[in-house]
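Trainee: For the record, the sequence lines run as chains A and B. Under my numbering, the first residue of the first sequence is numbered 17, with each subsequent residue one higher. Under my numbering, the first residue of the second sequence is numbered 18, with each subsequent residue one higher.
Treat the hints with care, since some could be wrong.
[What the hints assert, rightly or not] Simulated restraints, written as ranges between beta carbons of each label pair: (1) A:I23 - B:Q34: 33 to 41 Å; (2) A:G69 - B:E92: 36 to 44 Å; (3) A:T43 - B:T55: 19 to 27 Å; (4) B:S82 - A:E31: 42 to 50 Å; (5) A:T36 - B:P78: 34 to 42 Å.
Source of the hints: derived by calculation from the structure; they are not laboratory data. Glycine included, each C-beta is placed from N, C-alpha and C at the ideal position.
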Amino acid sequence: GQQVMQIPQYQHVQEGEDFTTYCNSSTTLSNIQWYKQRPGGHPVFLIQLVKSGEVKKQKRLTFQFGEAKKNSSLHITATQTTDVGTYFCAGRNNDMRFGAGTRLTVKP
Amino acid sequence: KAGVTQTPRYLIKTRGQQVTLSCSPISGHRSVSWYQQTPGQGLQFLFEYFSETQRNKGNFPGRFSGRQFSNSRSEMNVSTLELGDSALYLCASSPLPGELFFGEGSRLTVL
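Isolated chain A (complex conformation) (with noise of 0.2 Å):
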């Protein structure tokens, strides 16, 4: 069935480094999604990317999609305390299978 890998599981930072997600899925998508969930809340949608090497930006953060369409990344720039949380990618065929998810930590 179809299967999404994430990576890293964990990723802690210094406040003003850069951080990277990426995500491997095992069959072709027909778009996948981002998400973040900060400590003790619930998801929230951040993006959707459906176009084969597609790249969207929304401020400090970068989204990718893979010309293959089965994998993708999420870049931070310059991370903050506000960016901590654990972030989600969740690929689409026939149904939504999500990554295990890359929790990420920012020293001040």
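With chain A held as given, fit chain B onto it using these hints.
Mentor: Same frame as chain A, but now just chain B:
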């Protein structure tokens, strides 16, 4: 617009019991999906419903079941509870296709 509402928020059960969790989607959303979240396994897909029909089902045993009503509200049931069923159960609604709007979750503890 009201968000996704899940009840109950917290519950404690003992092994062998059953539990029913409820989810009211955002008004107008006809798709509801359920996820199990545990610290070690992340978000595991349980089921997806659209217009009262189960569209997809994840790799969970038959003890896990669900349904969707004509008003799009959904319930999931877990029978013969096991300790490993302790988790946060998240419901999400969606105006297909598109983003998932999650509820706060129902935290189940099985003793």
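Trainee: All the hints need checking, so say for each whether the structure fits it.
Mentor: Hints, verified against the model:
1. A:I23 - B:Q34: 33 to 41 Å: holds (38 Å)
2. A:G69 - B:E92: 36 to 44 Å: holds (41 Å)
3. A:T43 - B:T55: 19 to 27 Å: holds (24 Å)
4. B:S82 - A:E31: 42 to 50 Å: holds (46 Å)
5. A:T36 - B:P78: 34 to 42 Å: holds (36 Å)
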